[in-house]
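So the sequences go chain by chain: A and B. Quick note: the first sequence uses this note's numbering, first residue 50, plus one each step. Quick note: the second sequence uses this note's numbering, first residue 849, plus one each step.
Keep in mind the hints are simulated off the structure, nothing from the lab. Glycine included, each C-beta is placed from N, C-alpha and C at the ideal position. It is possible that some hints are incorrect.
Label-pair restraints from in silico Cβ distances [said to hold, decoys possible]:
1. B:925 / A:307: 18 to 24 angstroms
2. B:871 / A:360: 54 to 60 angstroms
3. A:51 / B:883: 41 to 47 angstroms
4. B:865 / A:329: 29 to 35 angstroms
5. A:196 / B:940: 23 to 29 angstroms
6. B:864 / A:193: 56 to 62 angstroms
7. A:329 / B:850: 40 to 46 angstroms
8. A:283 / B:891: 46 to 52 angstroms
9. A:77 / B:883: 38 to 44 angstroms
10. B:940 / A:329: 23 to 29 angstroms
11. B:871 / A:90: 53 to 59 angstroms
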Amino acid sequence: MIKSLHKRESDLANSKRQLEILSNGIFRQGELPTFKEKISETNQFPLKAKKLEILQINVGYMCNQVCEHCHVDAGPDRKEIMTRDTMLQCLEVIKRTGAHTLDLTGGAPEMNPDFRWFVDEAYEAGIKDFIVRSNLTILQANKKYHDLPEFFKKHNIHVVSSMPHWTRGKTDKQRGDGVFDASIKALKELNAVGYGMPDSKLRLDLVYNPSGAFLPGNQVSMEKDFKKALKEDFNIHFHNLFAITNLPISRFLDYLIASENYEDYMYSLVESYNPSAVKNVMCTNTLSVSWDGFLYDCDFNQMLELPVNSKAKHISEYNEELLEGRNIVTSQHCYGCTAGAGSSCQGSVA
Amino acid sequence: MQKTYYDPADLRKFGKISDWNKELGDKFFDYYGKVFEEGALSAREKSLIALAVAHTIQCPYCIDAYTGDGLQRGITKEEMMEALHVAAAIRGGASLVHGVQMMNKVNKLEM
């Protein structure tokens, strides 16, 4: 298993270094327009936060997998974990916000020792759509996780899981040896308790990230192909597929540079820029909370350590008036969310 | 002046063909776009046909473009290679089938 960039003490573990790369070279020389210049062409700068709809909480960077493309640089060697105190501060906000969606992410959120306590508590708040981003293999990783499908069902959790392809080769290449088989087993277990079955209210959606330096194809066509292959090969069912573009940060940026694909990839993102995707980018209705309670416009800005442009910088200081209408913090990585049909944690946006 | 006939960066400039003849360029790209839309054949099947043809006509730009397009569509490398073998079989077969002409000629000329 590879180590995280942090463990390797890689240059790219430093978010400032990542931002330098994204601001220099082809962008500094004017070969490609910066994101700010591009959205200014259609008078969309600065992007403004609208009413909060999705509260995305990153409960820790620890993960049982070390995926090649991970924008969190997550892995077993990451020890950043949300404490129960910070969770209590999040719960306070969950209870009084009008957000309809609570989205728990990581790392592997299930590895947080207070995960089940937090889910129990948050469930009581009666959030309409309660998402847990599960990497699937965690359900197989250890006996203590084996009952998670039942636990999810009990809390009517909306499970969103990564699956880069319906073939073993592509999946294992991106996510590690053995991930495909473990994921298939986990999906069957989720299906067995009712998740993802046609007409079932237990939502099971899959996330597709390209396994290389290319953009995702059409979400609708990909979903059709995924459904056909998983049904025919494994009798697996799921509801929707979210096609998500890999953003050029963290481990994916490291991969792009090492494979000499960085410039071509940035060209692809800029050339595929879709101004109509800009108005629906997720940062305008989402707030991302880090493991230590700080607020960001999105999970990507969290990893780049670009905090919200507001006086309320921590969940303990949450204030709807201060946060609504704030200017979104952007850089060139934002092209990832506006390419083609657009991209968000809920898939295409245009 | 570039030192090679092909520059991968030129592929990005394909659309500039219209700069010197907008009407015909636009008509071509409209047609091109239409051809690759979902139809009786899926866009995925068309992408594989394009990849095979790209190798038959040995167009490096097209090979780059439709390898990338195939990956975007989730086409596997096994599918891509099978498509290439179809192209190779037809191309090889096209040479070999002319052997019948050779055989006819030999049979006619020889005693």
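Tell me the numbers of any earlier hints that the structure contravenes, in ascending order. 5, 8, 10 and 11
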